[in-house]
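Participant: Residue-level listing of the chains:
Protein chains: 2
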Amino acid sequence: MASSASMCRTTYLHALASPARRANLGKAYIRLLRITSRCSRCYSVQTISKQDTRKQRVVILGSGWAGYSFARTLDPSKFDRIVISPRGYFVFTPLLASTSVGTLEFRAVLEPVRRLPGGVRFYQGWADDVDFSQKVIRVEANAVGGLPSEVLSSTVPVKPEAKKGDIFNVGYDKLVIAVGAYSQTFGIPGVRDHAHFLRDVGDARRIRLRVLSLFEQCSYPTSQGSSSTHVAEGSLSEADKRSLLHFVIVGGGPTGIEFAAELHDLIHEDLKRLYPELMPLVRITVYDIAPKVLPMFDQALAQYAMDTFARQGIQVRTKHHLERVRIADGVLGSAHGGLSIKIKEYSEEVNAGLVVWSTGLMQNPFVEHLVGKEFAIAQDKDFQKGEDAQRHRLVKDPKTGGILTDAYLRARITDSATSQPPPDAAGDTPKPVMSDVFVIGDCAVNENDRSLPKTAQVAAQQAGYLAKHLNKATQDGSLGAVDVSSTWKPFKFRNWGTLTYLGGWKAIHQSSADELRGWVAWVVWRGAYLTRSMSLRNKMMVPVYWFVSWVFGRDISRF
Amino acid sequence: MASSASMCRTTYLHALASPARRANLGKAYIRLLRITSRCSRCYSVQTISKQDTRKQRVVILGSGWAGYSFARTLDPSKFDRIVISPRGYFVFTPLLASTSVGTLEFRAVLEPVRRLPGGVRFYQGWADDVDFSQKVIRVEANAVGGLPSEVLSSTVPVKPEAKKGDIFNVGYDKLVIAVGAYSQTFGIPGVRDHAHFLRDVGDARRIRLRVLSLFEQCSYPTSQGSSSTHVAEGSLSEADKRSLLHFVIVGGGPTGIEFAAELHDLIHEDLKRLYPELMPLVRITVYDIAPKVLPMFDQALAQYAMDTFARQGIQVRTKHHLERVRIADGVLGSAHGGLSIKIKEYSEEVNAGLVVWSTGLMQNPFVEHLVGKEFAIAQDKDFQKGEDAQRHRLVKDPKTGGILTDAYLRARITDSATSQPPPDAAGDTPKPVMSDVFVIGDCAVNENDRSLPKTAQVAAQQAGYLAKHLNKATQDGSLGAVDVSSTWKPFKFRNWGTLTYLGGWKAIHQSSADELRGWVAWVVWRGAYLTRSMSLRNKMMVPVYWFVSWVFGRDISRF
Numbered sequence: 001m002a003s004s005a006s007m008c009r010t011t012y013l014h015a016l017a018s019p020a021r022r023a024n025l026g027k028a029y030i031r032l033l034r035i036t037s038r039c040s041r042c043y044s045v046q047t048i049s050k051q052d053t054r055k056q057r058v059v060i061l062g063s064g065w066a067g068y069s070f071a072r073t074l075d076p077s078k079f080d081r082i083v084i085s086p087r088g089y090f091v092f093t094p095l096l097a098s099t100s101v102g103t104l105e106f107r108a109v110l111e112p113v114r115r116l117p118g119g120v121r122f123y124q125g126w127a128d129d130v131d132f133s134q135k136v137i138r139v140e141a142n143a144v145g146g147l148p149s150e151v152l153s154s155t156v157p158v159k160p161e162a163k164k165g166d167i168f169n170v171g172y173d174k175l176v177i178a179v180g181a182y183s184q185t186f187g188i189p190g191v192r193d194h195a196h197f198l199r200d201v202g203d204a205r206r207i208r209l210r211v212l213s214l215f216e217q218c219s220y221p222t223s224q225g226s227s228s229t230h231v232a233e234g235s236l237s238e239a240d241k242r243s244l245l246h247f248v249i250v251g252g253g254p255t256g257i258e259f260a261a262e263l264h265d266l267i268h269e270d271l272k273r274l275y276p277e278l279m280p281l282v283r284i285t286v287y288d289i290a291p292k293v294l295p296m297f298d299q300a301l302a303q304y305a306m307d308t309f310a311r312q313g314i315q316v317r318t319k320h321h322l323e324r325v326r327i328a329d330g331v332l333g334s335a336h337g338g339l340s341i342k343i344k345e346y347s348e349e350v351n352a353g354l355v356v357w358s359t360g361l362m363q364n365p366f367v368e369h370l371v372g373k374e375f376a377i378a379q380d381k382d383f384q385k386g387e388d389a390q391r392h393r394l395v396k397d398p399k400t401g402g403i404l405t406d407a408y409l410r411a412r413i414t415d416s417a418t419s420q421p422p423p424d425a426a427g428d429t430p431k432p433v434m435s436d437v438f439v440i441g442d443c444a445v446n447e448n449d450r451s452l453p454k455t456a457q458v459a460a461q462q463a464g465y466l467a468k469h470l471n472k473a474t475q476d477g478s479l480g481a482v483d484v485s486s487t488w489k490p491f492k493f494r495n496w497g498t499l500t501y502l503g504g505w506k507a508i509h510q511s512s513a514d515e516l517r518g519w520v521a522w523v524v525w526r527g528a529y530l531t532r533s534m535s536l537r538n539k540m541m542v543p544v545y546w547f548v549s550w551v552f553g554r555d556i557s558r559f
Numbered sequence: 001m002a003s004s005a006s007m008c009r010t011t012y013l014h015a016l017a018s019p020a021r022r023a024n025l026g027k028a029y030i031r032l033l034r035i036t037s038r039c040s041r042c043y044s045v046q047t048i049s050k051q052d053t054r055k056q057r058v059v060i061l062g063s064g065w066a067g068y069s070f071a072r073t074l075d076p077s078k079f080d081r082i083v084i085s086p087r088g089y090f091v092f093t094p095l096l097a098s099t100s101v102g103t104l105e106f107r108a109v110l111e112p113v114r115r116l117p118g119g120v121r122f123y124q125g126w127a128d129d130v131d132f133s134q135k136v137i138r139v140e141a142n143a144v145g146g147l148p149s150e151v152l153s154s155t156v157p158v159k160p161e162a163k164k165g166d167i168f169n170v171g172y173d174k175l176v177i178a179v180g181a182y183s184q185t186f187g188i189p190g191v192r193d194h195a196h197f198l199r200d201v202g203d204a205r206r207i208r209l210r211v212l213s214l215f216e217q218c219s220y221p222t223s224q225g226s227s228s229t230h231v232a233e234g235s236l237s238e239a240d241k242r243s244l245l246h247f248v249i250v251g252g253g254p255t256g257i258e259f260a261a262e263l264h265d266l267i268h269e270d271l272k273r274l275y276p277e278l279m280p281l282v283r284i285t286v287y288d289i290a291p292k293v294l295p296m297f298d299q300a301l302a303q304y305a306m307d308t309f310a311r312q313g314i315q316v317r318t319k320h321h322l323e324r325v326r327i328a329d330g331v332l333g334s335a336h337g338g339l340s341i342k343i344k345e346y347s348e349e350v351n352a353g354l355v356v357w358s359t360g361l362m363q364n365p366f367v368e369h370l371v372g373k374e375f376a377i378a379q380d381k382d383f384q385k386g387e388d389a390q391r392h393r394l395v396k397d398p399k400t401g402g403i404l405t406d407a408y409l410r411a412r413i414t415d416s417a418t419s420q421p422p423p424d425a426a427g428d429t430p431k432p433v434m435s436d437v438f439v440i441g442d443c444a445v446n447e448n449d450r451s452l453p454k455t456a457q458v459a460a461q462q463a464g465y466l467a468k469h470l471n472k473a474t475q476d477g478s479l480g481a482v483d484v485s486s487t488w489k490p491f492k493f494r495n496w497g498t499l500t501y502l503g504g505w506k507a508i509h510q511s512s513a514d515e516l517r518g519w520v521a522w523v524v525w526r527g528a529y530l531t532r533s534m535s536l537r538n539k540m541m542v543p544v545y546w547f548v549s550w551v552f553g554r555d556i557s558r559f
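Quick note, the sequences are listed as chains A and B, same order. Residue numbers for the first sequence follow UniProt numbering, beginning at 1 and rising by one. Residue numbers for the second sequence follow UniProt numbering, beginning at 1 and rising by one.
If you are wondering where the hints come from, they were derived from the structure by calculation, not from laboratory data. One or more hints might be untrue.
For identical chains, the list gives no copy identity; a pair is met inside one copy or between any two copies.
Stated by the list, open to error - Calculated pairs, SDA-like style, for lysine to any residue (alpha carbon to alpha carbon, straight line, at most 25 Å): (1) Lys399 <-> Gly360; (2) Lys539 <-> Arg273; (3) Lys539 <-> Phe552; (4) Lys272 <-> Pro76; (5) Lys272 <-> Arg57; (6) Lys272 <-> Val120; (7) Lys472 <-> Gly118; (8) Lys539 <-> Trp550; (9) Lys78 <-> Lys489; (10) Lys272 <-> Asp75; (11) Lys539 <-> Gly553; (12) Lys78 <-> Ala300; (13) Lys468 <-> Asn495; (14) Lys319 <-> Met362; (15) Lys272 <-> Leu536; (16) Lys292 <-> Met306; (17) Lys399 <-> Asp449; (18) Lys272 <-> Ser77; (19) Lys55 <-> Arg273; (20) Lys272 <-> Ser535; (21) Lys489 <-> Met534; (22) Lys468 <-> Arg393; (23) Lys78 <-> Ala181; (24) Lys454 <-> Ser77.
All chains should be built: construct the whole structure from the sequences, respecting the hints.
Facilitator: Okay, here's the thing in structure tokens:
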């Protein structure tokens with residue numbers, strides 16, 4: 001990319017590809033076209049002249065923990081990295097809850113894909129389909145239109161069907177599918193329309209605006225039922241305000257618990273000073289269907305979390321089942337966006353001003369599409385001979401619907417009695433795989449360890465494993481398939497431990513080695529995030545924001 | 001407010017105002033109601049018991065340079081400050097252009113009204129009407145609904161007529177009208193719908209998203225007119241991209257010039273590295289109807305600005321008249337939001353991806369309403385005797401439509417043959433005024449100096465003048481009218497000089513004492529902003545952002 005920058009400002013390549021020259025160039029033009037198609041107009045002359053030893057083109061679908069971490073680790077001197085994702089940035093999700101209340105600014109948890117060191121080609125769009133036999137991905141553009149935060153909600157589905165972007169094709173040598181998962185709403189009515197998710201920075205922004213707007217709405221004079229024109233007269237009764245200032249979180253996993261904790265901090269460290277009269281009306285409730293929240297923690301630590309929440313006045317209701325979310329009746333719902341939620345265990349509905357949904361994942365529709373389709377693959381001998389090739393399918397994990405991979409994270413494909421297994425799948429594991437298609441992150445299921453949780457940790461470790469092995473394997477820049485079985489060790493997940501923030505400068509931390517709780521765990525929590533996969537910019541800005549929020553309070557402006 | 005915080009968490013006042021007690025309290029209840037109405041439920045018991053010596057209630061309409069600066073300077077130990085504004089923050093407008101390209105983050109130029117030191121009561125809403133005889137303001141709430149940046153555009157009108165908020169009344173002892181002005185589009189078709197303004201932080205956010213989105217849209221493969229499925233095939237031709245990457249600014253005042261300069265910096269310092277292939281297609285053009293841009297600067301400095309722009313490749317077209325803005329034809333307009341603008345001097349339309357409108361102000365509809373209505377005032381003797389009082393009107397400045405004030409910034413009212421002038425207007429200036437209604441900022445016209453420009457400097461000086469004089473006048477906290485004529489000096493504007501940034505670390509500065517240009521002026525430009533009316537938080541954050549943008553580049557994530 002460094003050389004391409006200087007190249008592209010010249011008209012050299014331009015002139016080569018101009019219609020006038022095309023006719024004269026003949027075969028050379030066809031070759032040129034094939035190369036320019038690989039990275040549009042921005043391929044350097046250097047690369048063109050060294051076509052035989054050109055770098056392999058690795059296309060990465062997704063810019064989450066799996067896709068971004070992989071792209072970040074893959075050596076740009078050995079591979080051309082092409083990232084395709086509907087959003088142009090990676091979100092450092094463990095700090096997303098902090099941004100939803102303004103402890104951190106949104107941009108402090110974002111890393112733009114285009115800023116990856118070493119140069120990267122990025123197309124903002126949704127992968128629509130993959131032609132595994134031609135090694136081409138069909139992409140629908142997503143840079144057009146209005147505010148991306150409105151378009152790119154992580155509600156299901158994220159792709160607004162009304163707005164169809166341009167369609168274009170991108171070819172690959174190796175493909176890494178890391179498209180993640182969507183929020184699962186279990187078909188509960190109203191969740192998709194009225195609840196807030198907390199998976200992307202757009203979600204965090206909407207939650208922040210909503211929380212601050214609710215306090216602003218409730219700061220107007222209370223309805224007194226009197227008719228004096230001299231009295232400031234609002235439309236909301238105190239009961240209405242109590243409804244609007246009820247913050248409901250559904251799901252007692254780390255995301256839900258951390259959001260509740262951060263919200264509590266916002267309210268008690270900042271809003272208390274600005275809206276003192278509203279404090280008696282505020283409530284935070286966490287509902288979960290399980291008998292215990294934070295299932296990944298020991299009983300003792302989970303109990304410590306519950307005790308901390310109890311002291312902070314955050315209600316935790318386990319074994320409670322949400323059945324419906326709807327707009328509340330009357331002015332509360334129509335003018336103030338108040339919600340009514342039906343809990344199975346309660347006879348009456350509960351009112352709330354905000355419902356945050358933080359439980360459940362479902363497969364991305366793109367993954368559902370991929371596992372459903374038949375294809376021939378280029379490595380098949382029949383296919384290469386030009387005969388009718390054997391048809392395959394990706395292997396779908398029956399439980400989760402994800403794409404099954406072998407121990408080296410390659411996509412498994414169905415075999416057939418009449419076809420030979422693909423050449424590189426010989427040896428110890430005769431199960432057929434695609435040697436040039438890898439699947440990592442939430443959409444992947446490792447056939448050797450199907451119980452791996454869908455967490456950032458697993459995704460990041462898979463990404464690191466794959467990128468490092470590819471970096472090592474391709475010393476010569478050859479285009480051939482990687483000889484996995486002889487040099488790669490199977491992927492193995494190592495649990496680095498789990499951290500959850502509980503509010504009031506307290507946290508819990510659990511790993512195989514130790515357990516921490518209270519402010520010690522809080523220090524570990526903050527320290528851990530500073531050493532994680534962040535750019536230097538954000539390593540600098542996160543502490544600055546922490547300091548500024550601590551000294552001056554969180555910013556409450558809405559725009 | 002400090003004491004009210006502790007009070008409101010008790011149920012004392014609550015209990016007093018509960019329906020059960022109301023019946024028993026009789027007259028005491030009426031009095032209580034009158035007081036609680038003054039600041040809803042949050043008035044401290046202390047204040048209630050000292051009712052006779054309670055602080056004067058100063059209601060400030062607006063949170064711009066005039067309103068916010070006034071509220072900031074007014075002594076909270078002597079006055080109860082109540083701010084009513086459709087937005088909850090003050091915008092440090094001179095740095096707004098910097099936020100629209102990401103040199104600074106949005107929040108670095110915002111000061112939340114509720115964070116004013118000393119406590120302030122704030123109602124987010126539009127002043128709808130003022131009853132000058134009863135001294136009551138009717139307010140329409142504006143905290144309800146979706147994203148305020150979508151609602152609170154500074155396009156004209158800012159108030160979305162579809163969404164009617166709650167209406168409530170707020171009483172005042174003194175009123176400061178500082179509602180500012182709206183953007184004037186001179187009725188040019190399409191400006192209101194398709195151009196971007198740059199007056200609020202929501203405008204800056206939309207411009208930032210649009211600029212980055214345009215580069216993203218143009219980064220897709222170019223349409224080749226070929227049908228090969230292997231070639232990445234986009235829908236935009238190179239000419240289309242050239243159209244979308246044409247950035248048009250209408251208005252060559254400091255705002256327009258600074259936006260062009262900041263945009264140039266963004267493109268040449270950051271986007272050049274990320275989208276090198278698009279650089280030959282980018283153009284920035286400033287159109288102005290006047291023969292010369294930056295009319296407040298000397299010819300030499302304005303020429304220096306033009307020379308700087310010419311070197312940077314920014315086109316400046318003076319004596320050019322915009323006649324229409326419309327959505328461009330074809331896919332360029334329908335799918336990519338491209339615009340076509342008609343310039344009177346050109347035979348053909350010019351395409352653009354973004355049009356920023358930065359010229360002209362018009363009166364706020366609220367001001368138009370106020371100057372049109374008749375009212376009686378409480379100070380009139382007839383009125384106090386209960387008889388039919390003399391009717392007055394605010395005096396409208398015929399040229400600008402603003403509210404005329406006397407030299408002490410009090411609202412001038414029309415006199416009548418049969419009425420006595422209000423008591424405090426006697427003496428040297430027999431022209432009638434309202435002694436308790438002040439008008440400052442863009443909506444005010446000083447009858448002693450009608451040529452004062454509508455700038456932040458004038459607004460801030462008027463605000464400071466008024467607040468300091470009121471602080472001095474009210475030593476005893478009495479409710480009586482201020483004896484202006486004996487102790488106040490007439491307001492006089494002092495020109496502190498003008499600064500404009502030109503891009504590439506160059507600026508121009510002009511004051512009565514000196515003229516500066518180049519990087520020296522740039523240093524003055526940056527230094528000046530750090531010493532201006534900002535909170536400590538932003539005095540800290542602005543240099544941090546400058547540093548981070550300089551080292552790491554501006555952030556390009558859109559959300």
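Participant: All hints, please: hold or fail.
Facilitator: Here's how the hints hold up against the structure:
{"no.": "1", "hint": "Lys399 <-> Gly360", "result": "within (14 Å within a copy, 63 Å between copies)"}
{"no.": "2", "hint": "Lys539 <-> Arg273", "result": "between (30 Å within a copy, 22 Å between copies)"}
{"no.": "3", "hint": "Lys539 <-> Phe552", "result": "both (20 Å within a copy, 12 Å between copies)"}
{"no.": "4", "hint": "Lys272 <-> Pro76", "result": "between (50 Å within a copy, 20 Å between copies)"}
{"no.": "5", "hint": "Lys272 <-> Arg57", "result": "between (54 Å within a copy, 24 Å between copies)"}
{"no.": "6", "hint": "Lys272 <-> Val120", "result": "between (46 Å within a copy, 14 Å between copies)"}
{"no.": "7", "hint": "Lys472 <-> Gly118", "result": "within (18 Å within a copy, 63 Å between copies)"}
{"no.": "8", "hint": "Lys539 <-> Trp550", "result": "both (17 Å within a copy, 16 Å between copies)"}
{"no.": "9", "hint": "Lys78 <-> Lys489", "result": "within (21 Å within a copy, 76 Å between copies)"}
{"no.": "10", "hint": "Lys272 <-> Asp75", "result": "between (50 Å within a copy, 23 Å between copies)"}
{"no.": "11", "hint": "Lys539 <-> Gly553", "result": "both (20 Å within a copy, 15 Å between copies)"}
{"no.": "12", "hint": "Lys78 <-> Ala300", "result": "neither (49 Å within a copy, 55 Å between copies)"}
{"no.": "13", "hint": "Lys468 <-> Asn495", "result": "within (19 Å within a copy, 64 Å between copies)"}
{"no.": "14", "hint": "Lys319 <-> Met362", "result": "within (22 Å within a copy, 60 Å between copies)"}
{"no.": "15", "hint": "Lys272 <-> Leu536", "result": "between (34 Å within a copy, 21 Å between copies)"}
{"no.": "16", "hint": "Lys292 <-> Met306", "result": "within (9 Å within a copy, 68 Å between copies)"}
{"no.": "17", "hint": "Lys399 <-> Asp449", "result": "within (13 Å within a copy, 79 Å between copies)"}
{"no.": "18", "hint": "Lys272 <-> Ser77", "result": "between (54 Å within a copy, 21 Å between copies)"}
{"no.": "19", "hint": "Lys55 <-> Arg273", "result": "between (59 Å within a copy, 21 Å between copies)"}
{"no.": "20", "hint": "Lys272 <-> Ser535", "result": "between (34 Å within a copy, 20 Å between copies)"}
{"no.": "21", "hint": "Lys489 <-> Met534", "result": "neither (27 Å within a copy, 58 Å between copies)"}
{"no.": "22", "hint": "Lys468 <-> Arg393", "result": "neither (28 Å within a copy, 79 Å between copies)"}
{"no.": "23", "hint": "Lys78 <-> Ala181", "result": "neither (30 Å within a copy, 58 Å between copies)"}
{"no.": "24", "hint": "Lys454 <-> Ser77", "result": "neither (31 Å within a copy, 57 Å between copies)"}
Of the numbered hints listed earlier, those contradicted by the structure are 12, 21, 22, 23, 24.
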